[in-house]
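From first to last, the protein sequence lines stand for chains A and B. Heads up, the first sequence is in my numbering, so the first residue is 160 and it goes up one at a time. Heads up, the second sequence is in my numbering, so the first residue is 6 and it goes up one at a time.
Some hints could be false.
Okay, the calculated beta carbon distance ranges per label pair [stated by the list, open to error]: (1) Q239/A / P170/B: 44 to 54 angstroms; (2) R262/A / M186/B: 46 to 56 angstroms; (3) N413/B / N263/A: 47 to 57 angstroms; (4) Y448/A / L179/B: 48 to 58 angstroms; (5) I56/B / N432/A: 16 to 26 angstroms; (6) V472/A / Q295/B: 15 to 25 angstroms.
To give a feel for the contact side, a few chain B residues facing chain A, derived at Cβ under 7 angstroms [as the list claims (entries may be wrong)]: (7) L198; (8) F200; (9) A202; (10) T462.
Quick list of in silico lysine to aspartate or glutamate cross-link-like pairs, DMTMM-like style, CA-CA up to 20 angstroms [claimed, not checked]: (11) K473/A / E249/B; (12) K473/A / D190/B; (13) K438/A / E427/A; (14) K438/A / D261/A; (15) K473/A / E196/B; (16) K440/A / D369/A; (17) K296/B / E358/B.
Since the hints were derived computationally from the structure, they do not count as laboratory data. Glycine included, C-beta positions come from ideal geometry on N, C-alpha and C.
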Amino acid sequence: MTALKSVALASAMLSVAGAAWADWPTDRPIEMIVAFAPGGGTDIMLRTLAPFVEAELGTQIPVMNRPGASGEIAYTALSQAKPDGYTISSLNTPGFLTMQVDRNLRFDPAAICPLARIVEDPGTFIVQAGSDYQTLADLVAYAKEHPGAVSVGTTGLGTDEHLAMLQLEQAAGIDLTAVPFAGANEARTALLGGHVNVIGINVGEYTTSDQNAVRALAQFAEQRSTLAPDLPTAREQGFDVLMSSERGLAARCDVPEADRARLAQAIETALANPEFQEKAKQQQLPLSYLSGADWTAQMPARLDRFREILAMVKEGQ
Amino acid sequence: MEFLDLLMLGFGEAMTPANLGFCLIGALLGTLIGVLPGIGPTATIAVLLPITFFLPPLAGIIMLAGIYYGAQYGGSTTAVLVNLPGEASSVVTALDGYQMARQGRAGAALAVAALGSFFAGTVATFAIALAGPTLSGFALSFGPAEYVSLMLFGLLAATILASGPVLKAIGMILIGLLLGMVGTDAETGAERLTFGALELFDGIDFIVIAIGVFGFAEIITNLERSGSEGVSVAPLTRLWPTREDFRASWRAVLRGTGIGTFLGLLPGGGATLASFSAYSLEKKVSRHPQKFGTGVVEGVAAPEAANNAAAQSSFIPLLTLGIPSNNMMAMMLSAFMIHGITPGPSVLTNQPEIFWGLVASMWIGNLLLVIINLPLIGLWVRLLTVPYRLLYPAILLFCCIGVYSMNNRIFDVVLAAGFGLLGYVFRKANCEPGPLLLGFVLGPLLEANLRRAMLITQGDPSIFVERPISLTMLVATVILLALMIMPSFRKTRGEAFQEEEA
C-alpha cells in the first residue's frame with residue numbers, strides 16, 4: 160500500500176516536473192523582487208503594474224521586497240535564483256550602473272538582462288519659491304562669486320542628485336557644497352526651513368510638491384519630461400548636465416530566450432493597457448517605455464559618463 | 006465660529022457608516038499587527054495601499070491612519086506582557102510595564118496605557134485642528150544645528166533611563182552609538198564596521214536589536230528557571246487600575262501628552278524621542294525616582310501618552326506642508342497621491358472635507374481603540390497564564406517571522422539571535438538595554454546633523470550658539486547635567502544617613 164502510494168506520488172511528481180517547462184509560466188507564481196522597501200516609488204509602481212502582467216501571463220506575480228545597498232542585495236538575489244524564468248527583479252539606474260564603478264560586486268552585471276524600461280524620471284534642482292535664483296545661470300553666477308557657499312541637499316554620495324551636482328560644478332566651473340540627507344523628504348524639509356539653498360529631486364517628486372512653496376531651476380534630461388513640459392532643460396540653459404532615474408524590470412540572461420521574450424511582451428502589453436495608464440497618471444509616473452534591448456544599448460554610454468564623473472571626484476579628494 | 010463649522014463638517018464626513026466602518030477596520034488591523042512583534046505598520050500599509058485604489062479617497066486614508074495609530078496601541082501590549090517592544094517608541098514602556106506585569110498588575114498597566122493614550126490622542130487631535138498650520142512652522146525652523154543640540158540633550162537624558170549606576174548607562178549608550186555607525190557612510194560612501202557583509206551596508210535594523218536584546222534575551226533568561234510553571238508572574242490581583250494608580254498617573258499623562266505633541270512634529274524619530282523624553286522627565290520630577298524600573302505606573306503612563314500624542318501630531322507637517330516626518334507618513338503621502346491629492350496648504354482650502362474628515366476620524370478612531378482594547382485586556386492578560394513551554398516557542402516563532410519579513414532574509418534572524426546572546430550577557434552584568442537602544446537611534450541622527458551643520462557653515466561651530474532654539478537646548482543640556490551630578494551627591498549622602506541610622 161505504502162509502496163503503491165509512493166509510486167503514485169513519484170509519478171505524479173514526475174509528471175508535474177516534466178510539465179514544468181511546457182507549462183511555463185502558469186504552473187507556479189513568478190516572483191518579482193523589488194530592490195526597495197515597501198512604499199517607495201519603485202515598489203508602488205511595480206505593485207500597480209503586477210496585476211496587469213499577471214493577467215497577460217495568466218499566472219500570479221507576488222512582490223518580494225529585498226531592499227538594501229541601493230539595489231545590490233536584490234540583484235545578487237536575482238543572480239542566485241534558478242534561471243527558469245520564475246524570478247524577475249526591478250532594475251534601477253543610476254544605482255545599477257554606479258555600483259559597477261566603485262564597488263566589488265557580488266554578482267555579474269552582464270548576467271542581468273533588462274526586460275523593459277518603464278519610467279524615466281529626470282533630475283531637477285529646486286529652490287524656495289522666494290529664492291533669488293530664477294534660473295540655473297543665477298545660481299551659477301552666485302556660486303562663482305562665493306565658492307562653496309551654495310549648499311545643495313542630496314540623498315547621499317553617488318546618488319542622482321549628487322552626480323547631477325558634480326556635473327554642474329564641472330560644466331560651469333563652480334564649487335558647490337553637497338549636504339547629504341537620509342531621503343528626499345528630509346532634504347525637502349531642510350529646503351523649506353531655509354537650511355540649505357538648493358536640493359536635488361526628481362521631476363516626478365517636484366510635480367507632486369506644493370508648487371507655491373518651491374521653484375524648479377532646470378531638468379536634467381535630453382528632452383523635457385512629459386510631466387514638466389514648461390521647465391527648460393539644463394542643456395537649453397547652456398550647461399551640460401544629464402541625469403535621470405530609470406526604473407524597469409530585468410531577468411537573468413540565461414533564462415531561455417523564448418521565455419524572456421514572452422515576459423517582455425507581457426510587460427509591454429500591460430504597460431499599454433489604458434487602465435494601467437490611467438493609474439500611472441494618477442501616480443504621476445513619467446512613463447517612458449524602452450524595450451530591454453534598447454535600454455541595454457543605452458547603458459554603456461551612461462556608464463562611461465558616471466565613470467568619468469566619479470573619477471573626477473576621486474581626483475578632487 | 007469657523008473652526009467649529011469645519012470640525013462639524015469633519016465629523017459629518019467621518020461619521021458616515023462607510024467611513025466609520027473603515028476606521029474600525031483600520032483600528033482593528035493596527036491593534037493586531039501592533040501585537041505581533043516585528044510586523045510593523047509600514048509594511049502592512051504598503052501591502053494594503055493598492056487596495057485603497059478602489060476606495061473613496063477619504064475612506065482609504067482613514068483606514069490607513071487607523072492602522073498607524075492602532076499599531077501604537079497594540080505595540081505597547083507586547084511590551085508590557087512579554088517585554089517585547091514592537092517599535093522604538095514602546096521600548097521605555099517595557100521598562101516599568103513588564104515589571105508591573107510580573108507583579109500581577111498587567112491589567113492595570115494596559116488600562117493606564119490605553120486610557121493615557123486616548124487622552125493624549127484627543128489632545129493631539131485638537132492640536133492638529135486648532136494650531137496645525139502654526140505648529141508646522143516650528144517644525145521647519147529645526148535645521149541641522151537644532152537637531153544636534155536636541156540629540157545631545159536626548160542622549161544625556163538617556164542616562165536617566167537606567168535605574169542602575171550612571172557609568173553603566175553611559176557604557177550602554179556608547180555601545181548603542183557604535184552599533185549605530187554600522188553601514189555605509191552617507192557622506193563618503195565608505196563602509197563602516199560591515200566586515201564585508203552586504204547585508205550590513207544599510208546598517209542594522211532597529212527591530213533586529215530590539216527583538217534580540219529584549220525578546221530573545223528575556224526568553225534565554227527564563228530558560229534558567231526550572232520549568233513550565235509560570236514562575237515569574239504573580240497571581241493576577243485585579244484587572245483594573247486602583248484609585249492610587251489613577252492618582253499617580255494623571256500628571257504623568259499630562260506631561261507626556263505635552264512632550265509628545267511637541268516632539269511628534271519633528272521629522273525623524275519624533276515619537277521615539279517623545280517617549281524617551283517623557284519617561285526621563287517623569288523620573289526627574291518624581292518623588293521616588295529610585296522606584297522607576299521596578300513597576301511604577303507613571304513609567305507606563307507618560308511614555309504611552311507621549312508616543313500616541315506624537316503619532317497624531319506627526320500628521321501635522323504632512324497635512325499642512327506635504328512633508329512626511331517618518332516612513333509611515335511617507336506611506337500616507339503615497340496614499341494621498343494615489344487619489345490625486347497633494348497634501349499641503351491647498352488641501353486645507355480646496356478640499357477641507359478631506360483634512361477635517363481625517364482629523365475627526367482620528368478622534369473617533371482613538372475612541373474605538375479604547376472600546377476595542379479595554380475588554381481585550383482581560384484576554385491579553387490571560388495570555389500570561391499560558392505555560393512558558395507553550396508561550397515562549399510561540400513568541401520565538403513570531404519574532405523570527407517578524408524579523409525575517411522586514412527584508413526577507415535569514416541574515417537578520419541570525420543577527421537578532423546574536424543580539425539575544427549579547428542581551429543575556431548584559432543582563433548578567435546588570436546593564437540595562439534601554440540606553441543602548443536610544444544611543445542606537447539617536448547616534449546616527451546626531452552624526453549626520455553635526456556633519457550637515459558643519460558643511461553648511463563650512464566648518465564654523467558658532468552656529469550652535471547663534472541660533473536661539475539650539476542655544477536654548479544647549480543651556481537645558483548643561484542644566485540637566487548639573488542636576489544629574491547634584492542628586493547623585495545627595496543620594497549617596499542619603500544612603501550614608503540610612504546606614505548610620507540602621
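Ascending list of hint numbers which this structure does not respect = 2, 3, 6, 7, 8, 9, 10, 11, 14, 17
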